[in-house]
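Engineer: Line by line, the protein sequences give chains A and B. For what it's worth, numbering that gives the first Met the number 0 labels the leading residue of the first sequence as 0, then goes sequentially. For what it's worth, numbering that gives the first Met the number 0 labels the leading residue of the second sequence as 0, then goes sequentially.
Hints may contain errors.
With a cut-off of at most 27 Å between alpha-carbon atoms, the simulated BS3-like pairs for lysine-lysine come out as follows [as the list claims (entries may be wrong)]:
no., chain 1, residue 1, chain 2, residue 2
1, B, 90, B, 59
2, B, 147, A, 131
3, A, 114, B, 90
4, A, 231, A, 7
5, A, 156, A, 13
6, A, 131, B, 59
For each label pair, taking beta carbons as the anchor points, the in silico distance ranges come out as [stated by the list, open to error]:
no., chain 1, residue 1, chain 2, residue 2, range
7, A, 106, B, 128, 48 to 58 Å
8, B, 11, A, 67, 49 to 59 Å
9, B, 11, A, 20, 39 to 49 Å
Honestly, the hints are just simulated from the structure, not real lab data. Yeah, the Cβ is synthetic: ideal placement off N, Cα and C, and Gly gets one too.
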Amino acid sequence: MIELVNIKKGFGEKVILPDVSAVMETGKVNLIIGSSGSGKTVMMKCMVGLMEIDGGKVLYDGQDFTNMQEQDRKNIRRQIGMLFQGSALFDSMTVEQNVMFPLDMFSKGSLKEKKTRVMECLERVQLKDAAKKFPAEISGGMKKRVGIARAIVLNPKYLFCDEPNSGLDPQTSLLIDRLIKEITHEFNMTTVINTHDMNTVMESGDHIVYMYQGKKQWEGSNKDIIFSKDEKLNDFIFASDFLRDAKEMRQMEIFQEKDWRSKLKKE
Amino acid sequence: MLKGMFSRPENMKMYWKEFMRQCVDIGIGSLGIVFIISLFMGAVTTVQIAYQLVSPIIPKATIAQVVRDTIILEFAPTLTCIVLAGVVGSKIASELGNMRVSEQIDAQEIMGINTRGYLIMPKILASLIMIPCLICIAGFLGIWGGLKAGEMGGILSADEYWQGLRQEWKPYNIFFSLFKSFVFAFIISSVPSYYGYYVQGGALEIGKASTRAVVVTCVLILFMDYILAALLLQK
Chain A
0 MIELVNIKKG
10 FGEKVILPDV
20 SAVMETGKVN
30 LIIGSSGSGK
40 TVMMKCMVGL
50 MEIDGGKVLY
60 DGQDFTNMQE
70 QDRKNIRRQI
80 GMLFQGSALF
90 DSMTVEQNVM
100 FPLDMFSKGS
110 LKEKKTRVME
120 CLERVQLKDA
130 AKKFPAEISG
140 GMKKRVGIAR
150 AIVLNPKYLF
160 CDEPNSGLDP
170 QTSLLIDRLI
180 KEITHEFNMT
190 TVINTHDMNT
200 VMESGDHIVY
210 MYQGKKQWEG
220 SNKDIIFSKD
230 EKLNDFIFAS
240 DFLRDAKEMR
250 QMEIFQEKDW
260 RSKLKKE
Chain B
0 MLKGMFSRPE
10 NMKMYWKEFM
20 RQCVDIGIGS
30 LGIVFIISLF
40 MGAVTTVQIA
50 YQLVSPIIPK
60 ATIAQVVRDT
70 IILEFAPTLT
80 CIVLAGVVGS
90 KIASELGNMR
100 VSEQIDAQEI
110 MGINTRGYLI
120 MPKILASLIM
130 IPCLICIAGF
140 LGIWGGLKAG
150 EMGGILSADE
160 YWQGLRQEWK
170 PYNIFFSLFK
180 SFVFAFIISS
190 VPSYYGYYVQ
200 GGALEIGKAS
210 TRAVVVTCVL
220 ILFMDYILAA
230 LLLQK
């Protein structure tokens, strides 16, 4: 579990996060959503320590990450896997070498053991055949999947994904969403995803934090979103007429399902 | 930046691998340009000194003596390092800049790697080892280029050249040249590393950082060249 307690962050005079508190739950896909400039990327970077916070603290399973010694911070970071928006693969290395890099750096296993683990991870993301290719030779979706494989190769306790679906077609997006969801539930990880992709919200949002102008505006699950009366959230999530219609249809479906179930119970 | 480099390596083997990669990149990668520059540098120096020494009372062997000292004291370390500032410096700045912009450095930080130690220290150490070697090679090739230019241009014979090379030989010049090369090697690797590591923005900023790194490196080399000459060549 990751707790954010009264996080404050600004750049010069501009305050990005005035005072944010939130809890990222273990074994769940936690989403941070919000429009561009709402502070979600800053919040994620503060969480992983890529940005120092001006006030408050971040707790990883109760341990104060913010005020830790550098060595202790490194130990926590070794339990973190992160998928970056641009994948952040090392250009000079093949897919296999990219995934093996964290193992080479931190694992004491033999080369054979490391290769086996790399192949397991690549198989998981369905990229075993691309092992010998360089990042420049594979598609954006494949890069994201390599990024996921690299992020999970050390069996992390915490997985962070910064806009995992940006620039991907809906099918590939869905594949990645499902993959992250599966991995999270299978390994009981604390996964935090930063997104504004509505498919991701509805597909994998076990726990959602909606950010509006640097503040936590709403919190709930993907099921709660359908019935949320928060105007700002509804404007953001169901921005188009098509999505508003889809929401109403989904609401009706849920009501009908409930009605049908209660009738069944009575009978 | 430099202070942050010194922490216990996460995995010595990986640091060693990166150090060797940098040695190959900086050393072997720059051999071609150093080879060409030093040969022509020696050849041109011989021709120009012969052109200026017109007095019949000055023996021709003096040309070789002047070529030797000019190359060892100034041309091999300074000229070569100015060129290496362009070749190696821009490569270091753009490599680190690209890694920063494409979040590769952040990815390594998240893994718990001290990126300053892993990415910058091997570059500085490799430069401190490889650049003095390149300067030694440049010195030998420059002198050899002078010999060939002298022979081919009919300026002086090989015997006269060898005789000149042995005249008033001061081993201290070698120490001075190597000392300069270590100082320049540090500048060539650390200044571009700083500009590349702290770049912010996109491709345009990488280009700007790279150019700025080369300019600052060249100016610092020239400045240190004067300071070192003033301090170490005082009679």
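Engineer: None of the hints should be skipped; say for each whether it holds.
Structural biologist: Checked hints:
1. Between the alpha carbons of residue 90 of chain B and residue 59 of chain B the distance comes to roughly 43 Å, so the proposed pair goes past 27 Å and is violated.
2. Between the alpha carbons of residue 147 of chain B and residue 131 of chain A the distance comes to roughly 49 Å, so the proposed pair goes past 27 Å and is violated.
3. Pair hint residue 114 of chain A plus residue 90 of chain B does not hold up; C-alpha atoms about 32 Å apart against a cutoff of 27 Å.
4. Between residue 231 of chain A and residue 7 of chain A the alpha-carbon distance is near 22 Å, which keeps this suggested pair within the 27 Å criterion.
5. Taking the CA atoms of residue 156 of chain A and residue 13 of chain A, the gap is about 33 Å. The hint is violated against a cut of 27 Å.
6. Taking the CA atoms of residue 131 of chain A and residue 59 of chain B, the gap is near 62 Å; set against the 27 Å cutoff, the hint is violated.
7. Between residue 106 of chain A and residue 128 of chain B, the C-beta spacing of about 29 Å breaks the proposed range 48 to 58 Å.
8. In this structure the hint that residue 11 of chain B and residue 67 of chain A lie 49 to 59 Å apart at CB is violated, the actual value being about 25 Å.
9. The hinted window of 39 to 49 Å between residue 11 of chain B and residue 20 of chain A holds, with their beta carbons roughly 42 Å apart.
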